[in-house]
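Chain B: place on chain A using the hints.
Protein chains: 2
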Amino acid sequence: MKLIECIPNFSTSNPKHVNVIIGQIKQVGGVLLLDYTYDEYYNRLVVSFIGRTGSVVKAVLKAAGKAIELIDMNSHEGQHPRLGAVDVVPFIPIRNASIDDCVEAAREFGRSLANKHQVPVYLYGAAASKPERRDIDWIRRGEYEALARMIKKPERKPDFGEPKAHPTAGATITGARKIMAGFNVNLDTPNVKIAKKIARALHAQKGGFATVKAIGVEIPEKKITQIGMSITDFEKTPLYRILELIKLEAARYNVAIVDSEFCGMAPLTSLLDVAAYYLKIADLSEDRIMEIAVQKAIEKGEFGD
Amino acid sequence: MKLIECIPNFSTSNPKHVNVIIGQIKQVGGVLLLDYTYDEYYNRLVVSFIGRTGSVVKAVLKAAGKAIELIDMNSHEGQHPRLGAVDVVPFIPIRNASIDDCVEAAREFGRSLANKHQVPVYLYGAAASKPERRDIDWIRRGEYEALARMIKKPERKPDFGEPKAHPTAGATITGARKIMAGFNVNLDTPNVKIAKKIARALHAQKGGFATVKAIGVEIPEKKITQIGMSITDFEKTPLYRILELIKLEAARYNVAIVDSEFCGMAPLTSLLDVAAYYLKIADLSEDRIMEIAVQKAIEKGEFGD
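Here the protein sequences come in this chain order: A and B.
Position one of the first sequence corresponds to residue 0 (numbering that gives the first Met the number 0), numbered consecutively onward.
Position one of the second sequence corresponds to residue 0 (numbering that gives the first Met the number 0), numbered consecutively onward.
For reference, chain A alone in the conformation it holds in the complex:
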């Protein structure tokens, strides 16, 4: 069975909007809603669900249609960069699916969204039509506020739809990428300068780890700060290394880690790497883990039907 994941990011944290958008996904059969989180500071809703390609595209189109109807970007404020109401919609191979399957899904979603709702759509990641468009930050430069102007530039012509921002929903970015880990670490300081400094030490473009993007933000209701990270390859850059570097940098300011959390689902292999490191197990292969070995053997038919 081929399964893909979709993680649409919508520019809202209004609980009523959230309910309606999530409701659209739940209505579609054959998809499993894994998770959704939203918060006012980012003013952003991140949803994660999986299924076969057809069901996944159908569900995200329905949810996106409602989001376009409900969200007005002209009054949107939030700490996370965004280009539109349906800001970014990545498709990710999960099981027996390839990245090309996900590129196909992104193209189908993008084409349909542009046709139905007159929202211009950019392809990014593995689905990008030009090298610079692989980078979501390049596409999102200037954010929603600059979109009406930027989209007129020839090099920024959208992949689907007319080069004209939707009056309330802006533009949408969709594409395909490998699974990544969203990981947030909370610091016991309200001083966002410290969080931002540590985030810079981690960030790929600032000399940090090549597979990490990091931002430092406030969580004012808890009087703490957070380092929000996305890690595009947690096999190359394991979580323990990131965590220990945060500890090291935080120690300069006598700041400690409060706790941490995955943003979305946790990839199992990223957790096994952490366990192996702290337990000092040189080689903890998945074949040596009971539940994983048993599952593989069942699938191979080792015990008969």
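Hints were generated in silico from the structure; no laboratory data involved.
Quick reminder that beta carbons are idealized off the backbone N, C-alpha and C, glycines included.
Take the hints with a grain of salt, since some may be wrong.
What the hints assert, rightly or not - Covered by chain B, per the in silico footprint, the following chain A stretches (three or more residues, Cβ under 8 Å):
#, segment
1, 47 to 56
2, 114 to 120
3, 232 to 242
4, 281 to 291
Leaving out everything else, chain B in the frame of chain A:
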């Protein structure tokens, strides 16, 4: 599909014996050999395999028959306590099987072994016929050397077979228990007194953790020592707590941990606890881990057939 595990412990580290014994298990269809390890210091072979009850009992009976034929306990020396050639044979529920299924398997194995090979058999753990026999150490008191004398005592009458030690194979202990973790931590000191002191600090009967048995031994070929542990309930006593206590006690002697290893298969949940502790994730439930959630959903038929 009901699956159980069997972890027979044989009193040999002779590579020729090991090959013959393992060969017997491999010959039986429908069982999956997970692991086998043996070493001269313990002079012991520990095998782990899984399958449906019928196949598992068949395989361990064949292997035990060969071990009884090959091993002479009268010339056996080793650091691990032992009562016979086929020293202990636990059955463990792995998937959709209950502890009662494993008690049944142990009784079937014990009865057959006693009948075929005239080896007296004791039932232990959840299969024990009397409360004191739940404890393998009680059954094994005096080890092989005292068996001929001990077995005559009315309270030590075997559960299967005559109260008479087999002249070369001694006696066998079999039973049912929950899955446990075998976990060894290596210390960078050749001084076994230190390893033994730390092992005592961990051991349930010496004031340590209630679910841990620990011994300190030498690994002379590496000039290090090892704390060998079995943890009967790693949910109550997680590995990180054990590891950090070892570090704490070892620090008194300026001794560091070289590395650690699972003895046998690693239980997945024990690793997730470790990852969650060091990452400071308050609640890392299995439903939040991608691969596990996807597998459960497939089994539930969430995505159709």
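Coverage criterion applied to the segment 47 to 56 of chain A (partner chain B; beta-carbon cut 8 Å; 3 residues): holds (count 4)
Whether chain B covers the segment 281 to 291 of chain A (at least 3 residues having a Cβ closer than 8 Å to its Cβ atoms): With 7 residues closer than 8 Å to chain B, the segment 281 to 291 of chain A meets the three-residue bar; holds.
Given coverage of the segment 232 to 242 of chain A by chain B, tested with a Cβ cutoff of 8 Å and a minimum of 3 residues: Contact hint for the segment 232 to 242 of chain A vs chain B: holds, 3 residues under 8 Å.
Residues of the segment 114 to 120 of chain A with Cβ under 8 Å from chain B, three needed, outcome: violated (count 0)
Consistency with the previously given hints fails for number 2 only.
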